[in-house]
Amino acid sequence: MADSKPKPKIRKDAVPMPKQNPKARAKNFNEVALGYTREQALEEANRCLQCAKPQCVSGCPVEIDIPAFIKLLKEQKCAEAIAEIKSKNVLPAICGRVCPQEDQCQQCCIVGKVGEPVNIGRLERYLADWEREQGFTIPEKAQPTGKKTAVVGAGPAGLTAAAELVKLGHEVTMLEALHLPGGVLIYGIPEFRLPKSIVRAEVNYIEKLGVKLRLGNMVGRTNTIPEVIKNGIDAVFIGSGAGLPQFMGLPGENFGGIYSANEFLIRVNLMKAYAFPEYDTPIRIGKHVVVIGGGNVAMDSARSALRLGAEEVCIVYRRSRKELPARKEEIENAEEEGIVCKFLAAPLRFISDEKGWVKAMECICMELGPPDESGRRRPIPIKGSEFIMDTDTVIIAIGRTPNPIIQRTTEGLEVTKWGTIIADENGKTSLESVYAGGDIVTGEATVISAMGAGKTAAKAIHEYLMKKK
Amino acid sequence: MKAKPGQFIILMIGEKGERIPLTISDFDARKGTVSCAFHEVGKTTKKLGLLNEGDYVETVTGPLGNPSEIKNYGKVLCVGGSVMIAPLLLQVKTMREAGNSVTTVLGARIKDVIMLEDEAKAMSEKVYVATDDGSKGYQGLDFLKDLLKKEKFDHCVAMGPVVMMKTVSEITKPYGIPTVVTLTPIMIDGMGMCGVCRVTVGGKMQFGCIDGPEFNGHKVDFDGLIQRQRIFLPEERLNSVLWEIGGCACGRQ
Ligand SMILES: Cc1cc2nc3c(=O)[nH]c(=O)nc-3n(C[C@H](O)[C@H](O)[C@H](O)COP(=O)(O)OP(=O)(O)OC[C@H]3O[C@@H](n4cnc5c(N)ncnc54)[C@H](O)[C@@H]3O)c2cc1C
Ligand SMILES: Cc1cc2nc3c(=O)[nH]c(=O)nc-3n(C[C@H](O)[C@H](O)[C@H](O)COP(=O)(O)OP(=O)(O)OC[C@H]3O[C@@H](n4cnc5c(N)ncnc54)[C@H](O)[C@@H]3O)c2cc1C
Ligand code: FES
Chain W
0 MADSKPKPKI RKDAVPMPKQ NPKARAKNFN EVALGYTREQ ALEEANRCLQ
50 CAKPQCVSGC PVEIDIPAFI KLLKEQKCAE AIAEIKSKNV LPAICGRVCP
100 QEDQCQQCCI VGKVGEPVNI GRLERYLADW EREQGFTIPE KAQPTGKKTA
150 VVGAGPAGLT AAAELVKLGH EVTMLEALHL PGGVLIYGIP EFRLPKSIVR
200 AEVNYIEKLG VKLRLGNMVG RTNTIPEVIK NGIDAVFIGS GAGLPQFMGL
250 PGENFGGIYS ANEFLIRVNL MKAYAFPEYD TPIRIGKHVV VIGGGNVAMD
300 SARSALRLGA EEVCIVYRRS RKELPARKEE IENAEEEGIV CKFLAAPLRF
350 ISDEKGWVKA MECICMELGP PDESGRRRPI PIKGSEFIMD TDTVIIAIGR
400 TPNPIIQRTT EGLEVTKWGT IIADENGKTS LESVYAGGDI VTGEATVISA
450 MGAGKTAAKA IHEYLMKKK
Chain X
0 MKAKPGQFII LMIGEKGERI PLTISDFDAR KGTVSCAFHE VGKTTKKLGL
50 LNEGDYVETV TGPLGNPSEI KNYGKVLCVG GSVMIAPLLL QVKTMREAGN
100 SVTTVLGARI KDVIMLEDEA KAMSEKVYVA TDDGSKGYQG LDFLKDLLKK
150 EKFDHCVAMG PVVMMKTVSE ITKPYGIPTV VTLTPIMIDG MGMCGVCRVT
200 VGGKMQFGCI DGPEFNGHKV DFDGLIQRQR IFLPEERLNS VLWEIGGCAC
250 GRQ
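Chains as they are written, first to last, in numbering that gives the first Met the number 0: chain W, 0 to 468; chain X, 0 to 252.
A hint or two may mislead.
Residues on chain W that point at chain X, a partial pick, calculated with CB under 10 angstroms [said to hold, decoys possible]:
1. M217
2. L243
3. S259
4. L264
5. F275
Chain X stretches covered by chain W per the calculated footprint, using a threshold of three residues with CB under 8 angstroms from any CB of chain W [to be verified]:
6. 8-17
7. 60-68
8. 191-199
9. 219-229
Simulated DEER-style distance windows between Cβ atoms [as the list claims (entries may be wrong)]:
10. G337(W) x N51(X): 45 to 55 angstroms
11. T32(X) x D371(W): 50 to 60 angstroms
12. K218(X) x L214(W): 54 to 64 angstroms
13. K30(X) x E462(W): 34 to 44 angstroms
14. E353(W) x G48(X): 48 to 58 angstroms
Treat the hints as calculated values from the structure; they're not laboratory data.
Glycine included, C-beta positions come from ideal geometry on N, C-alpha and C.
Input sequences plus hints: build the corresponding full structure.
In structure tokens:
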């Protein structure tokens with residue numbers, strides 16, 4: 000038992016996050032994590048050692064001054080604390096919820112060497128939520144530079160680039176193909192992890208900074224990058240993301256009841272099919288749902304399927320638990336809710352009923368061989384281990400590739416053989432005045448790395464514009 | 000907007016609506032307008048039919064999809080079915096402007112739904128009419144077989160119900176006439192992000208929205224497409240009926 004000294008030097012355990020109870024939450028789309036109370040936030044903030052040489056900041060792709068904002072929080076100066084965060088990160092309520100802090104700032108936290116690291120993400124979330132409840136304060140606008148910029152795609156990369164550019168006094172128009180802004184934040188990540196009202200509020204803030212938003216504008220079709228430039232735009236940032244779903248090329252993949260994770264999540268999140276027929280877009284969920292893949296997208300799909308009323312949801316992954324790429328917290332959440340994982344198995348083909356609807360899936364068992372290029376152990380099929388699994392809904396979550404239209408319609412824009420746009424460390428592409436960042440450059444990555452890229456490119460665009468006469 | 004023949008738009012009638020694709024049947028670049036013709040088959044198209052001049056919809060995205068390849072092929076056969084006759088005539092018009100001689104076939108279930116016959120006549124070398132029940136013109140498309148025996152065509156464009164495009168493709172195949180069909184799989188985003196529009200063409204998976212909507216009719220797996228179009232039939236019927244009986248009156252004003 001711990002003794003009752005009034006102030007132990009380092010409290011080893013983080014303050015746990017209050018959550019909805021697993022049984023109840025598996026039936027609703029409300030947010031799972033409820034957020035710290037003021038007392039909990041202060042208690043957690045007090046675990047920060049205010050290190051003289053902090054390591055956490057180097058783990059943050061947008062270099063938030065973490066000890067500084069925690070210090071302000073400790074002193075209960077919430078307004079100053081959130082202002083400190085927002086000087087580096089314009090989407091804190093989102094990042095506080097979806098960033099893999101365990102691999103970033105918290106991985107470097109010195110408290111983490113003796114116990115659990117300070118839960119920086121939850122503190123960021125606390126402050127962002129506090130500010131949203133108070134009402135945002137809009138920083139003063141910089142002197143207009145008279146330069147015009149366009150930002151393609153309103154995902155985290157584009158939103159960040161737009162906010163940075165407008166803060167520097169440039170005129171910014173965002174061109175977004177979908178009818179709502181947010182990118183993956185709005186169409187991919189489910190409500191129970193990231194409420195859409197929060198995405199709306201943070202996008203609203205960026206609009207209030209002065210960014211103009213043009214929805215339903217698909218660059219490459221409605222207009223092209225060269226046309227945008229010809230029409231008097233001085234610089235363009237492309238943040239069009241990696242949204243093209245991959246399929247496996249297996250027999251029967253076109254049967255009814257087989258969705259790409261993107262289709263499934265777009266129906267549920269963007270089109271709100273969970274509220275059909277109040278909303279017009281339908282979705283059909285069977286009793287036995289199978290999700291193929293093991294990343295965050297697979298977890299999100301599985302947990303959404305459960306909430307839509309599936310009796311059983313099984314994740315089929317070709318490697319073992321150790322290699323699961325999803326965030327640990329999300330795997331735990333999924334398992335608590337009753338989702339089962341079948342490891343070391345991969346599908347071979349799908350079997351349908353007489354109406355062309357999937358009714359079963361043939362799989363094969365795998366064993367792990369030596370590591371492959373990705374550094375993870377390569378799965379090898381075990382001969383003769385085929386088996387049949389009954390299922391009436393299959394969700395394929397095996398990855399996404401870059402959205403291709405802009406690359407196909409912009410002459411001179413260099414791309415890799417994977418279809419990503421080639422950009423240097425400042426986001427500069429092969430074309431004068433065209434910059435790019437986020438998933439469209441790196442392939443599928445994270446919200447914060449996309450934001451970091453948007454920010455770096457905005458700085459480079461600013462320098463370019465101020466030099467150009 | 001810079002619409003071209005062969006492209007489509009996606010519209011959403013209200014905040015809670017579905018995103019539905021419609022083929023562009025005419026456009027005016029100066030005014031920035033596009034025209035579409037549609038069939039009232041479900042809730043969205045029925046609601047769309049209730050709108051008056053001056054009303055507006057939530058969003059329109061487009062033009063989407065690849066434009067048609069319009070050039071001088073020589074002699075072109077254009078076959079349109081039901082509501083897709085309207086966008087077909089845009090093809091007829093531009094094909095003619097490109098120097099082609101165009102023969103147009105208008106098809107429908109029954110004679111009452113044959114539309115734009117006069118317009119077609121004004122633009123084409125020759126116009127044939129066919130109905131499923133023979134109530135006007137030829138019965139079915141079998142007459143095309145005789146036509147192809149007599150006349151040589153260099154190119155064929157077919158737009159209409161999937162079964163019709165399938166039949167036309169089967170008829171032109173033995174004559175080796177390149178046949179372009181406009182596929183209408185279910186779509187959501189129309190920008191390659193969901194994959195619901197996947198179709199099999201030449202044994203390969205293609206996305207209707209970004210790889211199409213036009214494909215080589217001799218290589219399309221039409222039966223697979225028909226099956227996929229029916230995926231949400233029960234839900235769509237339910238939604239349409241609920242709306243008609245007033246279960247949800249939100250769009251009635
Ligand atoms: C289901 C799911 C869950 C995830 N969970 C997490 C998580 O928990 N934590 C995390 O850090 N990351 C997560 N990710 C990854 C993260 O969301 C992405 O890395 C990030 O969104 C990339 O940002 P982006 O701005 O580059 O692109 P996107 O968010 O993809 O945004 C691109 C935007 O560009 C628009 N666009 C595309 N083409 C055009 C065009 N031609 N014209 C106009 N607009 C266009 C798109 O509509 C979209 O709005 C998840 C991804 C998915 C799919
Ligand atoms: C590229 C493309 C171009 C199109 N162009 C036109 C056009 O110019 N004019 C026009 O009237 N229609 C066109 N369609 C079809 C049109 O999109 C559908 O009729 C519409 O989505 C139906 O919506 P709804 O809500 O009214 O009916 P729903 O309730 O969604 O469906 C009602 C009925 O229509 C069927 N249906 C649904 N989606 C489609 C589809 N994509 N294709 C065929 N049948 C469908 C359903 O199976 C059901 O039987 C096009 C489709 C695509 C993909
Ligand atoms: S409509 Fe979604 S990918 Fe084509």
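**Request:** Taking the numbered hints from earlier one at a time, note which ones the structure violates and give those numbers from smallest to largest.
**Result:** 12 and 14
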